[in-house]
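Colleague: Sequence:
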Amino acid sequence: MPQMKKFIAVFLSIACTSAFADTDINPMFGADNENAIALYVSQGTGAGTLFKLVDPFMWEFEPMTNLMLQYSQPMEIFRLPSRMNLSVVQNLGYHHTQGLSFTAIGVSWDVALINWRGFYLGIGIGPYMRDSRDRYVQSRLVFGERVFIGKNIGNDWHIELFTQHFSNGDFTEINRGFNFTGLAVNYSF
Numbered sequence: 001m002p003q004m005k006k007f008i009a010v011f012l013s014i015a016c017t018s019a020f021a022d023t024d025i026n027p028m029f030g031a032d033n034e035n036a037i038a039l040y041v042s043q044g045t046g047a048g049t050l051f052k053l054v055d056p057f058m059w060e061f062e063p064m065t066n067l068m069l070q071y072s073q074p075m076e077i078f079r080l081p082s083r084m085n086l087s088v089v090q091n092l093g094y095h096h097t098q099g100l101s102f103t104a105i106g107v108s109w110d111v112a113l114i115n116w117r118g119f120y121l122g123i124g125i126g127p128y129m130r131d132s133r134d135r136y137v138q139s140r141l142v143f144g145e146r147v148f149i150g151k152n153i154g155n156d157w158h159i160e161l162f163t164q165h166f167s168n169g170d171f172t173e174i175n176r177g178f179n180f181t182g183l184a185v186n187y188s189f
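Residues in the sequence shown are numbered from 1 upward in steps of one, following the numbering used here.
Don't read these hints as lab results, they were simulated from the structure.
It should be emphasised that the depicted structure is a prediction, and the values quoted were computed from it without experimental measurement.
The beta-carbon is built from N, C-alpha and C at its ideal position, and this holds for glycine as well.
Each hint should be verified, as a subset may be incorrect.
Below, computed lysine to any residue pairings styled on SDA-like, alpha-carbon distance capped at 20 Å [what the hints assert, rightly or not]: (1) LYS151 / ASP32; (2) LYS151 / ILE114; (3) LYS151 / VAL41; (4) LYS151 / LEU113; (5) LYS151 / LEU69; (6) LYS151 / VAL185; (7) LYS151 / ASN35; (8) LYS151 / THR45; (9) LYS151 / TYR187; (10) LYS151 / LEU161; (11) LYS151 / ILE25; (12) LYS151 / LEU39; (13) LYS151 / LEU183; (14) LYS151 / ALA184; (15) LYS151 / THR103; (16) LYS151 / PHE171; (17) LYS151 / PRO74; (18) LYS151 / ILE37; (19) LYS151 / MET84; (20) LYS151 / SER42; (21) LYS151 / GLY118; (22) LYS151 / THR65; (23) LYS151 / ASN175; (24) LYS151 / GLN70; (25) LYS151 / GLY30; (26) LYS151 / ILE8; (27) LYS151 / PHE189; (28) LYS151 / GLY182; (29) LYS151 / ILE123; (30) LYS151 / GLY177; (31) LYS151 / PHE162.
Label-pair restraints from in silico Cβ distances [what the hints assert, rightly or not]: (32) LEU161 / ILE8: 20 to 30 Å; (33) MET129 / ASP24: 31 to 41 Å; (34) TYR71 / ASN155: 33 to 43 Å; (35) TRP157 / PHE78: 24 to 34 Å; (36) ARG135 / TYR187: 14 to 24 Å; (37) LEU86 / ILE8: 40 to 50 Å; (38) SER139 / PHE189: 13 to 23 Å; (39) ASN155 / LEU86: 14 to 24 Å; (40) ARG79 / ARG140: 26 to 36 Å.
Make a model of the complete structure from these sequences and hints.
Modeller: Below, the structure written as structure tokens:
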């Protein structure tokens, strides 16, 4: 729970500083675009999560590559350009024998804190409902926190490098969490 409180405190303190953001155009959408669809591809990372060496001589890894499809609409949070997202997350290569699963649906909010020459830096948070409990997180309800760096490629296309953490905020005894890092391609229309 202390980690969640720290994240919320940092999120609110950064969100209150709008000096670094250019709010004329939402950098995650471009000019005159009111919708966006994104494909996120990520790999599990971090200690105690899903990218763990199983056999050092065979170089086998627990398969935790995720695809996330996201629909977004622009908004403002504390006068900063933001987006509201509806996401569906699907794990590729899940094997029930390993006790790992991450299929989820969720709502999240992302804020672009810095917008400079086509680049933007942002953070996001939101609740997700998972398909099952497993040995990493004992609950179906998890919260996803995301940090991302994006680049506009024209008015309609954007790419983002991101890292995302899913956990339940220590609401249950087992809460090792899921960490992912990957790349996203966004199309705004």
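Colleague: Could you run down the list of hints and mark each one as holding or not?
Modeller: Against the structure, the hints:
1. LYS151 / ASP32: OK: LYS151 and ASP32 at ~18 Å, within 20 Å.
2. LYS151 / ILE114: holds, 12 Å
3. LYS151 / VAL41: Since the Cα atoms of LYS151 and VAL41 sit roughly 16 Å apart, the hinted pair holds (cutoff 20 Å).
4. LYS151 / LEU113: Holds: LYS151 and LEU113 sit about 14 Å apart, inside 20 Å.
5. LYS151 / LEU69: Holds. LYS151 to LEU69 sits at ~19 Å (cutoff 20 Å).
6. LYS151 / VAL185: The hint holds at about 10 Å.
7. LYS151 / ASN35: Holds. LYS151 to ASN35 sits at ~17 Å (cutoff 20 Å).
8. LYS151 / THR45: violated, 23 Å
9. LYS151 / TYR187: holds, 12 Å
10. LYS151 / LEU161: holds, 9 Å
11. LYS151 / ILE25: With a Cα-Cα distance of about 14 Å, the restraint between LYS151 and ILE25 holds, given a limit of 20 Å.
12. LYS151 / LEU39: Between LYS151 and LEU39 the Cα gap is close to 15 Å, so the pair holds against 20 Å.
13. LYS151 / LEU183: Holds, at roughly 11 Å.
14. LYS151 / ALA184: Given that 20 Å is the threshold and the Cα spacing comes to 11 Å, the pair holds.
15. LYS151 / THR103: violated, 28 Å
16. LYS151 / PHE171: Since the Cα atoms of LYS151 and PHE171 sit roughly 36 Å apart, the hinted pair is violated (cutoff 20 Å).
17. LYS151 / PRO74: Status holds; Cα separation ~17 Å.
18. LYS151 / ILE37: Within the cut-off at roughly 15 Å; holds.
19. LYS151 / MET84: Judged against 20 Å, a Cα distance of about 19 Å means the pair holds.
20. LYS151 / SER42: Roughly 18 Å between the alpha carbons, so the hint for LYS151 and SER42 holds.
21. LYS151 / GLY118: holds, 6 Å
22. LYS151 / THR65: Roughly 23 Å between the alpha carbons, so the hint for LYS151 and THR65 is violated.
23. LYS151 / ASN175: violated, 33 Å
24. LYS151 / GLN70: holds, 17 Å
25. LYS151 / GLY30: Satisfied, since the Cα-Cα distance of roughly 11 Å is no more than 20 Å.
26. LYS151 / ILE8: violated, 26 Å
27. LYS151 / PHE189: Holds, at about 17 Å.
28. LYS151 / GLY182: holds, 14 Å
29. LYS151 / ILE123: holds, 15 Å
30. LYS151 / GLY177: violated, 28 Å
31. LYS151 / PHE162: holds, 12 Å
32. LEU161 / ILE8: 20 to 30 Å: For LEU161 and ILE8 the Cβ distance comes to about 24 Å; the hint holds.
33. MET129 / ASP24: 31 to 41 Å: holds, 36 Å
34. TYR71 / ASN155: 33 to 43 Å: violated, 19 Å
35. TRP157 / PHE78: 24 to 34 Å: About 27 Å separates the Cβ atoms of TRP157 and PHE78, which means 24 to 34 Å holds.
36. ARG135 / TYR187: 14 to 24 Å: violated, 37 Å
37. LEU86 / ILE8: 40 to 50 Å: violated, 22 Å
38. SER139 / PHE189: 13 to 23 Å: The hint (13 to 23 Å, Cβ to Cβ) is violated, given that SER139 and PHE189 are roughly 36 Å apart.
39. ASN155 / LEU86: 14 to 24 Å: This hint holds: roughly 23 Å between Cβ atoms.
40. ARG79 / ARG140: 26 to 36 Å: Check passed, 35 Å falls within 26 to 36 Å.
Hints 8, 15, 16, 22, 23, 26, 30, 34, 36, 37, 38 from the earlier list are contradicted by this structure; the remaining hints agree with it.
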